[in-house]
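When you get a sec, could you build the whole thing from the sequences and use the hints?
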Amino acid sequence: MAAILSRVRHDTYPKTDSAITEPRLVRWLLILVAVLFLGLFLFMPLLAVFVEAFKQGTKLYFATFEDRYAVDAIILTLKVAAISVPMNLVFGLAAAWAITKYSYRGKSLLVTVLDLPFAVSPVIAGLIFVLIFSTTHGWLAEPLKEHNIRIIFALPGIALATVFITLPFIARELVPVMQAQGKDEEFAALTLGAGGWRTFFTVTLPNVKWGLFYGVILCNARAMGEFGAVAVVSGNIKGRTSTLPLYIETLYNEYNGVAAFTLASILSLLALLTLVLKNFVEWRVAKSRYN
Amino acid sequence: MTSNTPRENTGDRPISPTSVPKRRRERINRRVIPGFGLTMGFTLTYLTLLVLIPLSAVFIRTSGMGWEDFWKAISSPQVVSAYKVTFGVSFYAALTNAFFGFIVAWVLTRYQFPGRKLVDALVDLPFALPTAVAGIALTALYAPNGWLGQFLYPLGLQTAYSTTGIFIALTFIGLPFVVRTLQPVIEVFDHEVEEAGASLGASRLRVFFTIIIPALVPAMLTGFALAFARAIGEYGSVIFISGNQPMKTEIVPLVIVKFLENYNYPQATAVACVMLVASFVLLLIVNILQRWTESIGQARS
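Chains A and B, in that order, give the protein sequences. Those letters in the first sequence? Residues 25 to 315, per my numbering, in order. Those letters in the second sequence? Residues 313 to 613, per my numbering, in order.
It is worth saying that the hints were derived from the structure and are not from the lab. No residue lacks a Cβ here, since even glycine has one placed at the ideal position from N, Cα and C. A hint or two may mislead.
[To be verified] The calculated label-pair distances, taken between Cβ atoms and stated as ranges, are:
hint : chain 1 : residue 1 : chain 2 : residue 2 : range
1    : A       : L49       : B       : N599      : 34 to 42 angstroms
2    : B       : P526      : A       : N280      : 47 to 55 angstroms
3    : B       : Q557      : A       : S312      : 51 to 59 angstroms
4    : A       : R174      : B       : V593      : 31 to 39 angstroms
5    : B       : T357      : A       : A212      : 15 to 23 angstroms
[Stated by the list, open to error] Only pairs whose alpha carbons sit at most 20 angstroms apart, straight line, appear in this in silico EDC-like list of lysine to aspartate or glutamate:
hint : chain 1 : residue 1 : chain 2 : residue 2
6    : A       : K311      : B       : E573
7    : A       : K233      : A       : E306
8    : A       : K233      : A       : D208
9    : B       : K429      : B       : D381
10   : A       : K262      : B       : E573
11   : B       : K570      : B       : D381
12   : A       : K79       : A       : E90
13   : A       : K131      : B       : D432
14   : A       : K79       : A       : D91
15   : B       : K429      : A       : E90
16   : A       : K262      : A       : D91
17   : A       : K79       : A       : D96
18   : A       : K311      : B       : D432
19   : A       : K79       : A       : E278
20   : A       : K262      : A       : E90
Shown next as structure tokens:
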């Protein structure tokens with residue numbers, strides 16, 4: 025899962041010395057195979073989203089946004105992201121700090137636990153919160169009923185499942201950046217008399233700002249796009265607990281393809297923005313490294 | 313700089329990394345940078361509350377079932393058929409990704425061609441695109457009247473509402489894992505080793521199969537395992553294209569969802585337990601493979 029995280033590239037210019045590369049024909053054949061495969065499996069689906077969304081003209085495209093349930097779904101999705109991203113931002117900073125600034129035993133175990141949400145199926149990520157908070161079958165059913173608190177089939181459950189799914193992203197993006205930065209500048213600041221918080225805000229944070237920025241954008245995109253985990257905990261009640269991806273499913277199953285693909289196109293734009301930012305951040309990091 | 317009085321631990325003078333033994337240096341480090349208690353305490357509390365306790369719910373719930381009920385729950389014909397579909401198709405999708413992912417990673421790192429950067433950026437798309445969006449987009453392409461389906465169906469290829477459809481979705485979501493695992497390894501692969509082989513008279517084909525491929529095997533296996541691990545848990549992109557016919561094209565995550573919809577919590581939890589164990593074993597394998605890859609990289613440099 026770590027693959028989406030930005031990394032420092034060793035962009036050695038591809039060599040074309042005949043002794044250590046393939047014959048020209050083989051080279052072009054391999055490039056053709058790679059481009060065709062990616063075109064078929066990645067580019068075509070992306071293109072399909074936008075073509076299907078605009079199939080019946082821009083008027084119908086924008087008419088989708090007059091649907092009350094669509095607006096409700098967008099608002100709910102924004103709320104979920106507004107809860108889960110800041111939570112995982114604070115966690116990500118604390119975890120990256122604890123992982124990179126000190127040496128202790130059991131660090132690799134900590135990183136493995138941090139990676140667990142990547143390994144768990146989204147459906148199971150939803151199920152675990154149902155097992156705890158469901159008012160019919162959950163561990164906490166009795167106290168929840170007593171105080172009339174709804175977690176499953178409501179916003180808190182959706183937010184919890186989303187926090188679980190997106191938990192590692194910011195921390196995993198920050199750890200290598202902080203590691204590459206080392207601790208020397210923090211040592212210098214502390215030696216000059218700065219306190220811990222001051223060192224963090226004036227030395228560490230500016231150093232990792234691009235990695236942090238990308239981590240937040242990625243976490244946000246995943247939070248807004250989560251489907252499986254949210255499907256299990258939300259109950260998908262139109263206008264109440266239907267997030268954007270869930271409402272896309274509803275529309276699609278109601279044979280309202282244009283509306284489904286219209287909403288899908290918003291999330292696709294968000295995905296494209298994430299990819300652009302990833303490359304921008306990698307370029308920034310590489311540039312600052314060579315300067 | 314400020315009116316702050318120097319903190320008491322600044323006397324440790326952390327800058328003299330060579331003169332202090334490693335163990336002592338680490339102890340000094342821990343004391344010099346403040347915030348260990350705060351950040352570690354917060355990290356562990358957060359992980360315990362949001363990851364460890366919720367995940368343990370699956371195992372604790374299952375342990376209350378008794379062996380016989382548990383075995384019955386995880387071996388019903390519908391579930392067994394779903395295991396076969398999930399693990400079988402995930403295997404073939406990961407294998408396809410290992411093959412084409414290698415070609416893509418090789419081409420992107422070794423060759424220069426117009427649009428290379430753009431193609432490279434596109435590789436991450438399955439990570440960033442919500443799974444439900446991928447699901448409906450792939451169905452639009454591969455359904456009988458879809459863009460590609462209309463040409464493939466007359467050829468006898470049932471590309472949607474079949475295991476082929478599941479294969480397409482799982483290949484889509486797994487590709488970046490192989491490419492992004494292989495790319496850094498190919499990037500740092502030493503050209504001199506290839507030059508040595510070539511100067512000793514080996515043909516390019518022989519250099520490729522006896523020098524390059526063996527060095528890339530650990531990374532390829534890692535990428536394969538990552539793609540496979542992601543595929544067995546995948547839900548959103550599959551359910552639209554798979555058709556979800558019981559005993560034929562149902563995947564395990566879908567079976568869990570169906571149990572939940574029927575309020576059959578014990579069986580949902582039991583099957584989830586099996587899948588969690590499978591995921592943890594794969595995570596362990598990936599960790600071992602990654603350590604192997606790194607040790608090869610270190611030995612070379």
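Hint check results:
no. : hint                                   : result
1   : L49(A) to N599(B): 34 to 42 angstroms  : holds, 41 angstroms
2   : P526(B) to N280(A): 47 to 55 angstroms : holds, 53 angstroms
3   : Q557(B) to S312(A): 51 to 59 angstroms : holds, 54 angstroms
4   : R174(A) to V593(B): 31 to 39 angstroms : holds, 36 angstroms
5   : T357(B) to A212(A): 15 to 23 angstroms : violated, 31 angstroms
6   : K311(A) to E573(B)                     : violated, 52 angstroms
7   : K233(A) to E306(A)                     : holds, 12 angstroms
8   : K233(A) to D208(A)                     : holds, 18 angstroms
9   : K429(B) to D381(B)                     : violated, 54 angstroms
10  : K262(A) to E573(B)                     : holds, 17 angstroms
11  : K570(B) to D381(B)                     : holds, 19 angstroms
12  : K79(A) to E90(A)                       : holds, 18 angstroms
13  : K131(A) to D432(B)                     : violated, 33 angstroms
14  : K79(A) to D91(A)                       : holds, 18 angstroms
15  : K429(B) to E90(A)                      : violated, 39 angstroms
16  : K262(A) to D91(A)                      : holds, 12 angstroms
17  : K79(A) to D96(A)                       : violated, 24 angstroms
18  : K311(A) to D432(B)                     : holds, 19 angstroms
19  : K79(A) to E278(A)                      : holds, 17 angstroms
20  : K262(A) to E90(A)                      : holds, 15 angstroms
The earlier numbered hints that this structure contradicts are 5, 6, 9, 13, 15, 17.
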